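K.L.:
Sequence:
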Amino acid sequence: MKKMYKITAPEGLHARPAALLVTAVTPFECDVALTYKEKSVNLKSIMGVMAQGVTPGSIVEISAEGPDAEKLFQTVTEVLISKGIGEEC
1 MKKMYKITAP EGLHARPAAL LVTAVTPFEC DVALTYKEKS VNLKSIMGVM AQGVTPGSIV
61 EISAEGPDAE KLFQTVTEVL ISKGIGEEC
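Going by UniProt numbering, the sequence shown opens with residue 1, and the numbers climb by one from there.
No lab work stands behind these hints, which were simulated from the structure alone.
In this text, all values refer to a predicted model and were calculated from it rather than measured experimentally.
There's no promise every hint is true.
Claimed, not checked - Distance windows between CB atoms, simulated:
hint, residue 1, residue 2, range
1, ALA15, PRO67, 27 to 35 Å
2, GLY53, LYS2, 26 to 34 Å
3, PRO10, PRO67, 32 to 40 Å
4, GLU61, THR26, 17 to 25 Å
Virtual Cβ for every residue (Gly too), placed ideally from N, Cα, C.
Put together the whole structure using the sequences plus the hints.
P.N.:
Given below as structure tokens:
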């Protein structure tokens, strides 16, 4: 399962928004990755997400595989929108 998101936070995916995302997906069983500029990292890794250097206005792909992937995407979309980090494409 994959979804595309546009990052709208003025600071991009730096410490605070990255931490919010990582914290939201960590409890899920499934494997989840964030892909930006053809490089994928584990979305459960704060250092991996911050190392991507995602800038405002960027499009990222989030992919997940596992038994709770659908619920994970509901949570990711909710966190991105409610915290002003991004929007679904």
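K.L.:
Now look at each hint and say whether the structure bears it out.
P.N.:
Comparing the hints with the structure gives:
no.	hint	in the structure
1	ALA15 <-> PRO67: 27 to 35 Å	30 Å, holds
2	GLY53 <-> LYS2: 26 to 34 Å	21 Å, violated
3	PRO10 <-> PRO67: 32 to 40 Å	36 Å, holds
4	GLU61 <-> THR26: 17 to 25 Å	19 Å, holds
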